[in-house]
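All chains should be modelled from the sequences, with the hints used to inform the complete structure.
Take a look at the letters that make up each chain.
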Amino acid sequence: MNRGLYISTMGMLANMAQLDNISNNLANADTVGYKKDEVLFKAYLEKEFRNYDSNDLKKGKHLGYMETALIADETKPIISQGQIIETNNPTDFAIFGDGFFKVEKNSEIYYSRNGEFKLNQDGFLVNSDGDYILDTNNQHIQVPNNFTVDEEGNIYNGNQLTGQKIAIVNLEKPSKFGINLFTGNELESKNYKLIQGSVEKSNVDTLKEMVNLINANRAFEIIQKSVQTQDSMTGKIVETAQRI
Amino acid sequence: MLVSLYSASTGMIAQQRRLDTISNNLSNVDTTGYKAQRVEFQDLLYTPIKEAGTPVAQNSVLPTGDYVGHGVKVVATNRIFTQGNIEQTGGTFDLAIMGDGFFQVQLQDGRIAYTRDGAFKVDGDGRLVTSNGLLLVPNITLPTTAESVNISPDGIISAKLPDGTIQNVGNLTLVRFVNPAGLKSIGNNLFLSTPASGVATEGIPNQDGFGSIEQGSLEKSNVDVVKEMVNMIVAQRTYDLNSKAIQTADDFLRTIGTLKR
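So the protein sequences, as listed, match chains L and G. The letter at position 201 of the first sequence is residue 204 when you use the working numbering, and the numbering goes up by one with no holes. The letter at position 219 of the second sequence is residue 224 when you use the working numbering, and the numbering goes up by one with no holes.
Be aware that one or more of the hints could be misleading.
Okay, derived cross-link-like pairs now, EDC-like style, lysine to aspartate or glutamate, Cα gap no bigger than 20 Å in a straight line [claimed, not checked]:
no., chain 1, residue 1, chain 2, residue 2
1, G, 189, L, 125
2, G, 265, L, 242
3, G, 265, L, 234
4, G, 55, L, 41
5, L, 228, G, 256
6, L, 204, G, 245
7, L, 228, G, 255
8, G, 55, L, 76
Quick caveat, the hints were computed from the structure, so don't treat them as lab data. For clarity, every value in this text was computed on a predicted model and none was experimentally measured.
Here it is in structure tokens:
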């Protein structure tokens with residue numbers, strides 16, 4: 004069958020993957036601590052072209068390579084700084100710089116940039132799902148009334164240090180778990196400032212996403228035309244063949 | 006069908022919820038003791054197509070995977086208990102709490118509810134009640150002959166009688182919660198405690214971290230109108246953008262539909 008038809012289809016599938024990704028980014032344009040994803044495409048099945056018209060029919064003459072298709076290969080979270088918005092709520096935290104909060108969910112440790120924390124009934128710092136936020140010793144954090152937190156994450160009761168410090172760690176290869184959580188290999192983070200009373204908005208650039216949306220849409224239409232052209236060519240061949 | 010059609014629709018639904026909350030905040034911008042609410046979002050789980058770390062060749066693994074996200078959901082409507090503005094009213098029984106704490110009032114069914122609304126009145130029997138007629142707890146009964154009533158920052162209520170003597174008629178107490186955001190709103194400026202809020206701790210105003218009582222003042226809502234308006238603009242635009250994503254998904258489907266002639 005016509006190979007071009009299948010190549011075009013793969014192009015359309017790649018565009019659909021792109022659209023799924025843009026939609027998810029746009030849906031989360033307002034999610035605190037959300038990091039946008041980027042789809043990376045890869046040329047698929049690189050094919051070598053040879054001219055077999057030479058004397059050596061087995062080897063042929065090397066003419067070059069051609070990429071025969073494109074697929075969506077990777078989806079990668081882009082960890083760049085989101086905008087910081089002041090909320091004046093003492094249990095809101097924003098990380099300016101590198102790093103993630105440590106969150107304990109079902110006895111496992113996850114990482115998050117979402118700092119919309121709350122206190123639970125016992126005065127422990129938790130996230131919206133009730134998962135505990137961890138300190139530098141992987142302990143749950145119990146805070147006093149009217150606590151304050153400095154830029155490094157040290158917790159104060161008035162002027163006195165409570166001895167606990169909110170853990171901020173870097174991740175080697177952060178990958179998304181969903182529900183505002185990430186997984187990855189922990190690294191030390193030094194290059195950060197913790198800001199109490201603020202939250203970090205998502206880093207989705209809506210203008211860029213809209214441009215990508217238009218691009219994906221147009222590319223999709225163009226490839227569709229190519230499919231139609233190939234279809235009508237096949238149609239012509241069938242018609243001509245009938246007449247013979 | 007396309008995942009994007011559904012993930013973009015979750016974006017529109019989330020923004021609708023946000024607008025609902027903003028509208029409620031704005032309509033309560035002048036409500037005494039009202040605390041602003043905020044919608045909090047979470048991204049949904051991701052469907053992996055290729056897991057990161059899958060071996061691709063000897064000594065080599067995929068650095069990042071390929072996955073599809075499914076949109077956004079509202080995870081919480083969180084109430085923000087920051088101090089509201091204090092407005093001077095001059096009313097004898099207008100009490101504002103400067104700092105932490107709630108007044109306790111008794112509901113008709115006997116349960117105790119909590120409020121920051123300090124616009125109290127005196128009923129026919131001389132008892133302090135809320136605008137809805139709910140009794141303040143602990144009950145305060147004023148002598149009917151009182152000429153004036155003074156309420157101190159630490160909650161001591163004293164009445165001046167016609168003969169010039171000053172009589173102590175009771176002490177106001179406040180309660181505090183470990184997690185006020187966990188309180189349940191029941192309307193009418195009232196909250197109920199829940200397992201999430203923790204139990205109420207009673208205390209004397211102006212002591213142990215409790216707020217002080219300011220007579221002749223009311224605490225207005227803590228709604229920041231400018232912030233709410235900005236949030237409204239952001240919500241509308243995000244809604245627009247998500248609808249564009251749905252339109253594009255629709256275009257994709259139409260394009261697919263015209264493949265076959």
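Here is how each hint holds up against the structure:
no.: 1; hint: G:189 - L:125; verdict: holds, 17 Å
no.: 2; hint: G:265 - L:242; verdict: holds, 18 Å
no.: 3; hint: G:265 - L:234; verdict: holds, 9 Å
no.: 4; hint: G:55 - L:41; verdict: holds, 15 Å
no.: 5; hint: L:228 - G:256; verdict: holds, 14 Å
no.: 6; hint: L:204 - G:245; verdict: holds, 18 Å
no.: 7; hint: L:228 - G:255; verdict: holds, 17 Å
no.: 8; hint: G:55 - L:76; verdict: holds, 8 Å
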